[in-house]
Each structure stands twice: as C-alpha cells, then as structure tokens.
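Protein sequences, first through last, are from chains A and B. For the first sequence, position 250 matches number 250 in the numbering used here, and the numbering has no gaps at all. For the second sequence, position 168 matches number 168 in the numbering used here, and the numbering has no gaps at all.
There could be a bad hint or two in this list.
Once the Cα atoms are required to be at most 30 Å apart in a straight line, the calculated DSBU-like pairs of lysine-lysine come out as [as the list claims (entries may be wrong)]:
1. LYS21(A) <-> LYS159(A)
2. LYS176(A) <-> LYS178(B)
3. LYS204(B) <-> LYS176(A)
4. LYS106(A) <-> LYS95(A)
5. LYS306(A) <-> LYS255(A)
6. LYS159(A) <-> LYS21(B)
7. LYS106(A) <-> LYS183(B)
8. LYS72(A) <-> LYS121(A)
9. LYS21(B) <-> LYS204(B)
10. LYS95(A) <-> LYS19(A)
11. LYS204(B) <-> LYS121(A)
12. LYS185(B) <-> LYS176(A)
13. LYS237(A) <-> LYS159(A)
14. LYS159(A) <-> LYS204(B)
15. LYS21(B) <-> LYS113(A)
16. LYS106(A) <-> LYS125(A)
17. LYS76(A) <-> LYS306(A)
18. LYS185(B) <-> LYS113(A)
19. LYS204(B) <-> LYS146(A)
20. LYS21(A) <-> LYS183(B)
Simulated from the structure, these hints should not be mistaken for laboratory data.
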Amino acid sequence: MSSVPILEIENLRTYFYAKSKQAFIRAVDGVDLQISRGETLGLVGESGSGKSITALSIMGLITAEPGVISGKIEFKTDGIQTNLLQDLENYAQVKGRDGQVMEVRKDCAGWQKHVERVMEKIRGKEISMIFQNPRSSLNPFIPIGKQVTEALLLNSGIKTRREAKAQALYWLEQVKIDSPRLRFDSYPYGLSGGMCQRAMIAMALASEPSLLIADEPTTGLDATIQSKIVGLLQELKWTFNVTTMLISHDIEIIKRLSDSAAVMYGGTVMEYGSVRDVLVVDLESKHPYTAALLASIPSERHIKEKAYLQSIEGDVLDTINTPEGCRFYARCNRVTDGIREKCQYHEPDLREISPGHYLRCWLYFD
Amino acid sequence: MRRYSQVSRHVLDYSDLPFWKKSAPMELVYVVYGLLVVTLVVASYILGAAHLLPHDPQEMNLQLLMAPPGTAGHLLGTDFVGRDILSRLIVGIQAYFLPGLLAIGIALTLGTLFGVLAGYYGGRIDTAITYVANLIDSFPRLVLILLMVAALKPDIYYIMLVVGLTKVPVLLSLIKGKIQFLKQKNFIEAAIAMGLKSRVIILKHILWYNCRTVLIIQATVGMAEAILIETSLSYLGFGVQEPTPSWGNMVQAGANYLMQGNFWPSTAPALAILITIMGFHLLGDGLNNILEGKRI
Numbered sequence: 001m002s003s004v005p006i007l008e009i010e011n012l013r014t015y016f017y018a019k020s021k022q023a024f025i026r027a028v029d030g031v032d033l034q035i036s037r038g039e040t041l042g043l044v045g046e047s048g049s050g051k052s053i054t055a056l057s058i059m060g061l062i063t064a065e066p067g068v069i070s071g072k073i074e075f076k077t078d079g080i081q082t083n084l085l086q087d088l089e090n091y092a093q094v095k096g097r098d099g100q101v102m103e104v105r106k107d108c109a110g111w112q113k114h115v116e117r118v119m120e121k122i123r124g125k126e127i128s129m130i131f132q133n134p135r136s137s138l139n140p141f142i143p144i145g146k147q148v149t150e151a152l153l154l155n156s157g158i159k160t161r162r163e164a165k166a167q168a169l170y171w172l173e174q175v176k177i178d179s180p181r182l183r184f185d186s187y188p189y190g191l192s193g194g195m196c197q198r199a200m201i202a203m204a205l206a207s208e209p210s211l212l213i214a215d216e217p218t219t220g221l222d223a224t225i226q227s228k229i230v231g232l233l234q235e236l237k238w239t240f241n242v243t244t245m246l247i248s249h250d251i252e253i254i255k256r257l258s259d260s261a262a263v264m265y266g267g268t269v270m271e272y273g274s275v276r277d278v279l280v281v282d283l284e285s286k287h288p289y290t291a292a293l294l295a296s297i298p299s300e301r302h303i304k305e306k307a308y309l310q311s312i313e314g315d316v317l318d319t320i321n322t323p324e325g326c327r328f329y330a331r332c333n334r335v336t337d338g339i340r341e342k343c344q345y346h347e348p349d350l351r352e353i354s355p356g357h358y359l360r361c362w363l364y365f366d
Numbered sequence: 001m002r003r004y005s006q007v008s009r010h011v012l013d014y015s016d017l018p019f020w021k022k023s024a025p026m027e028l029v030y031v032v033y034g035l036l037v038v039t040l041v042v043a044s045y046i047l048g049a050a051h052l053l054p055h056d057p058q059e060m061n062l063q064l065l066m067a068p069p070g071t072a073g074h075l076l077g078t079d080f081v082g083r084d085i086l087s088r089l090i091v092g093i094q095a096y097f098l099p100g101l102l103a104i105g106i107a108l109t110l111g112t113l114f115g116v117l118a119g120y121y122g123g124r125i126d127t128a129i130t131y132v133a134n135l136i137d138s139f140p141r142l143v144l145i146l147l148m149v150a151a152l153k154p155d156i157y158y159i160m161l162v163v164g165l166t167k168v169p170v171l172l173s174l175i176k177g178k179i180q181f182l183k184q185k186n187f188i189e190a191a192i193a194m195g196l197k198s199r200v201i202i203l204k205h206i207l208w209y210n211c212r213t214v215l216i217i218q219a220t221v222g223m224a225e226a227i228l229i230e231t232s233l234s235y236l237g238f239g240v241q242e243p244t245p246s247w248g249n250m251v252q253a254g255a256n257y258l259m260q261g262n263f264w265p266s267t268a269p270a271l272a273i274l275i276t277i278m279g280f281h282l283l284g285d286g287l288n289n290i291l292e293g294k295r296i
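Pulled out of the complex, with its shape left as it was, chain A reads as follows (with noise of 0.2 Å):
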C-alpha cells in the first residue's frame, strides 16, 4: 500500500436539525479517514451509520441544513492541494458543552455559494460519483450515449462533439455495454438496471478523476448483476489504477475490491486499517462491532462450524440522543467489568493498537 495520501478527512461533523424535536440528528459526528493514492477504501456499516453523508459532504451536496458545521477535508492530487472545507469557521460557528455541540450558528446560503465556487473546479474533474439506483440518476430523456458525451465535453479537455461521441463510445466499451453503437442512442428506460449503473460508471471514469467515490453502486441491481457490476469495478480498478471509495453494507463486496476499510457506526469510524486486519482474520482482535457485524453474515467458518449466525442485539444508534461514552456500549457483548466505568462514560477515540490499523474501543487500550 502506498502512503502518499490523496483525501484526508479530519474530525468532519455533518449535522441536520430536527425541527419537532429541537435537537441535532448527528448524521456524521466526528469521521477521521484516509484514502491513499491507487487504493480502494471500503466504509461499511449499517444504515444510517453515515457512510453516504460522508460522501455527500465530500462532495459538497448536503443541502439541509446546517449541514457540515467542522471539519477538514484535505485534498491532494498533483495539481491541486486544497482543503475543501476552508474557511469554513467563517460560516459555521459551534458552541459545545460536555464535547457534546449545543448550537451551531451557520450561514447556511453563504455557505452554500462559497462551496460552489471551491468545488467547481473540483466536482466531475477531480473526484466523481456514482450513486445508488442508476435509473434514476440518469436524465430520463436523453439517450445514455448522448450523457457520456456531455460529461466528456463538460469534464475532459475534448472539444469537438465528433472527438467527444469517440470517446464516449470507448468509455462505453470499457464498462462492457455490449454493442455500444446500438446502445448509445437508448434512453434510460429502455435498459436494464445493469445497464443504467455501466453507463453511470462510465459517465464518472470519463473525466479520469483522481478519486471515484461509488456510494453502494450495487443497491437495487440483482445478485447476478451485482457480482457482474462487481467484477466489472475490479476490473476497471486494475486497468485504470483509479483511487476508490467504495460504500456498500455488503461485506462481501469490500473484501473482494478494497485495500483498505473502515467500519462505521453511529456516525463515526469505529474501525480502520487493512481489509485483512479489519474483515478477514479472527474475531478476537477487532472492534466488538465488527466482529458482532461480522458473525451476523454467512462466511466459510460458519459453515465449518456449523455455527448460527447471530443478530446484534438492540438497536441502531440513536443520533439525536447520542450517549456519552462508547457509541456501541448499549449493543455490546464484550464489555468486561474493569472496564465497564469507562465504555459507559468516556468515549474512546481513534488509536492505533499495531501498524496501519485503528480502533476505538476500551478493550484494547492500556
């Protein structure tokens, strides 16, 4: 793995306010990650644990309110090294008590147009997404092909439509639609879903951006497709070497394309290192969430075993009321009593526990 790091995110809050109950829901409530040049960086976790307001407010997309209130989202290629969350301080000031944020005075349409013009040169050029339900984040009418050349023409330094139709048939052979003269005049509506999420892949990659974020690019799409779509983003990974990240609640998929992952739960990253530390080795040496995670999926150990799967006992996280130590004390199964005080009151931060790999969990720590 290389280590020259491409997008560094430090301590990102998103927040929304929750008007009947005159609280914040703590979407994204203190997200540190890392993505280094070349690698694939899985975020798994469950719904609502905020993996894709993490990705939104990388793209600068949130648009309810008050949104991102701090943070810093370093972004570095070889043209441009900028924080995409500078000056942020000037637009969103935050009063806390207990480390916990009380208030948060924003000006939400200042913002607003500020991120615009920081993330125009940024947005499709630099990093691109591809979003869950391809169907419907396709324009329904305009044929696909059509699409792709547009995004080239926006994004690429093709100028000529011929050039750019060129292009975008290549892109379209790429993400193997098969018999692309034919397919490039389809409407949205008229291919599969399959379809639709190359198309999307392809609209992304042809801008050849530093950073791809794909957030759960195989949602909605069937189990054949998804392991075709699958192999597909494999594929292109290793041909185009394109920095990912991908999000997805499939374990499964994490493991086969990324380098690296990060846990997350409760609006925080409970976990990151390696795929191999973090998903594959044994359950002793990880976060009691992943590990709980992990048990809850069919794997070849279960089968060996003939062990039962188990469910993680209670509920997700409530992000309005978040508690004040651990974030998964109420689940856990592996608190022991000398360190009971401290999960339930003081919550654990990010520490490494061996080289590359991250916890946040009481067990661990000396």
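Go by the hints and put chain B onto chain A.
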C-alpha cells in the same frame, strides 16, 4: 400490413440519421402542414402590414355586391358592401397575430419563470407563488375579459394581456409539477456532482429535455386558443370593431346573408379559422413527437 426495412446495408448510428428519417411519415405531414400554415400566416401578416393587397380592404364597390368567389379581380368574391374578401382576410390576420404572440409570450415566460422558482427552490417561494396563481385561476377568464373591455376599451391588446395572464397559472402548475417530479429522481444531484452549474441544469436538463414537450404544446395550443378567443369576441362584438376587418366580425357580418344563399362572406373566414387553428395544433403535436423521437 406494415413494412419493416433496414435503412441501408450497414446499420447506421441512429443519432447520425437526419430527423426526417427518424420520425414517422404522418408526423412529418403534420409538421409540414403546420409549418405551411404558419408561413402563410406570417407572410400574410407581412403583406397586410405593408399594404400589398389586391384591393383596399375598406374600398366599397357598389357595382359588385355579393360577388361569388372566382369573380374577375375578386378571387374570393365580395361582401355585402362590395369589399374584397381576400384582402379583408389578409388584413384580418393583423387582429390576432401580434396580440396572440403577446399572450403566449406572457404565458410562457411568466409561467416558466415562476414554475421553475416554485418547483426548483420550493419552500416559502413555492407557497407564495402557488397562492397568487390560485387567486388568478379562481377568476373566470371571460368575466375578467369583459371587465377589462368595460373598464378600458375593447382593444384586442388588452384582451390578449388578460388571456396571457390567465394562462400563466396553467403553465406554472405544469412546469412546477414536472420539476417536483424530476427532483425526486436523483439525476439532478448526479448532475451537480458531475460539475454542471445549476443554470445549465435548469435550462438544459430540466427545461429543454424534460419540459420542451409541455412548452411547445402550450405555445401552439395557446396561439390557437388566442385566435379562437379573438374571433369569438369579435363575433360577439367585443373585440375588433367594424370597419377594421377581423375573421370574427367577418363571419358575423356574413352570417346575416347566409339564408339568402350567399354563404361565402362568412364561410371564407370560418374556413380560414378552421385551417389555421388545425395548423397550429398539428404543428405542436408533430414537433413534439419528432423531438421526443417517438417511433410508431
């Protein structure tokens, strides 16, 4: 029986085909007919404005009252005071052409503008705009027109202003509904993520690709509607006043002589109305189907 034939030995790229090969023959007929009518109307408008007419439309020829069509010098005959019907038909276009354009211009621009504001931005803007639109919509159009005529004067421009303004809510709600529907799909979000500016998204992706059907149909139907309103008001005596010719008051003036067997003074303008309105409707329909690439 239907024939299926390949365009050539080699399969061409569909997008490289010219549009007349992509569309059904019937649609082309519609569009050609519509375009013909529109050209005729525009040409006649220009002729009328430049006074390049076979006869002065006000000139009475008392030797030739009620001449039938085909009389030497009067292609469509003369009316009950001996005025040339063809010249009066051509000048009659003056009565609705510019006012009609004004009406659809007002309806399209205001409707689109407020529709986009209400649909794309939503929230309080939407509430305010919808409220005003409902207010306008709840007034019967004819009453408004008659009020206008009574309060000011029976000027066709004032009437068309009212027609245009009362059409705004219709267009507004169509555009707004369309945009609200489109916003549920996340292709707008995807387009922003691709780096498109919101100006481009609104104008190109939403208005042009997704709303042009609505706009074209509303424009052509609106023009037809404007003609119909002008002629019916003139027929009733509220619109264009004699001796200025308008198709409506020509039908009305000729109707008195219909029973005596002199049908052409009112039939000629009535046919003109029919052909023109049909032309506008078919143009809108055909253009819509060609643009949407509907393959029948």
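Now the hints, each set against the structure:
1. Our distance criterion of 30 Å between C-alpha atoms is broken by LYS21(A) and LYS159(A), whose separation comes to about 52 Å.
2. Restraint check for LYS176(A) and LYS178(B): the C-alpha separation of about 34 Å exceeds 30 Å, so the hint is violated.
3. Between LYS204(B) and LYS176(A), the direct Cα distance comes to roughly 29 Å. Compliance with the 30 Å bound is thereby established for this hinted pair.
4. In summary, the hint linking LYS106(A) to LYS95(A) is supported, as the alpha carbons are separated by about 11 Å, within the 30 Å threshold.
5. Between the alpha carbons of LYS306(A) and LYS255(A) the distance comes to roughly 22 Å, so the proposed pair stays at or under 30 Å and holds.
6. A hinted pair counts as satisfied when its Cα atoms are at most 30 Å apart, and LYS159(A) with LYS21(B) qualifies at roughly 28 Å.
7. This hinted pair checks out: LYS106(A) and LYS183(B) have alpha carbons roughly 25 Å apart, not beyond 30 Å.
8. Simply put, LYS72(A) and LYS121(A) have alpha-carbon atoms about 18 Å apart, close enough for the 30 Å limit, and the pair holds.
9. Note on LYS21(B) and LYS204(B): the hinted pairing holds, with a Cα-Cα distance of about 25 Å set against a maximum of 30 Å.
10. Annotation: proposed proximity of LYS95(A) to LYS19(A) holds, straight-line Cα distance about 18 Å (limit 30 Å).
11. Taking the CA atoms of LYS204(B) and LYS121(A), the gap is near 21 Å; set against the 30 Å cutoff, the hint holds.
12. Simply put, LYS185(B) and LYS176(A) have alpha-carbon atoms about 25 Å apart, close enough for the 30 Å limit, and the pair holds.
13. Using a Cα cut-off of 30 Å, the hinted pair LYS237(A) and LYS159(A) holds, with the two alpha carbons roughly 27 Å apart.
14. With a C-alpha separation of about 19 Å, the suggested pair LYS159(A) and LYS204(B) falls inside the 30 Å cut-off, and the hint holds.
15. Pair hint LYS21(B) plus LYS113(A) does not hold up; C-alpha atoms about 46 Å apart against a cutoff of 30 Å.
16. The straight-line distance between the Cα atoms of LYS106(A) and LYS125(A) is roughly 28 Å, inside the 30 Å bound, and the hint therefore holds.
17. At most 30 Å may separate the alpha-carbon atoms for a hinted pair to count; LYS76(A) and LYS306(A) exceed this at roughly 48 Å.
18. Under the criterion of a C-alpha separation no larger than 30 Å, the hint pairing LYS185(B) with LYS113(A) is consistent with the structure, at around 23 Å.
19. Taken as a hint, the LYS204(B) and LYS146(A) pair is honoured in the structure, with Cα atoms around 13 Å apart against an allowance of 30 Å.
20. Taking the CA atoms of LYS21(A) and LYS183(B), the gap is near 27 Å; set against the 30 Å cutoff, the hint holds.
Checked against the numbered hints given earlier, the structure breaks hints 1, 2, 15 and 17 and satisfies all the rest.
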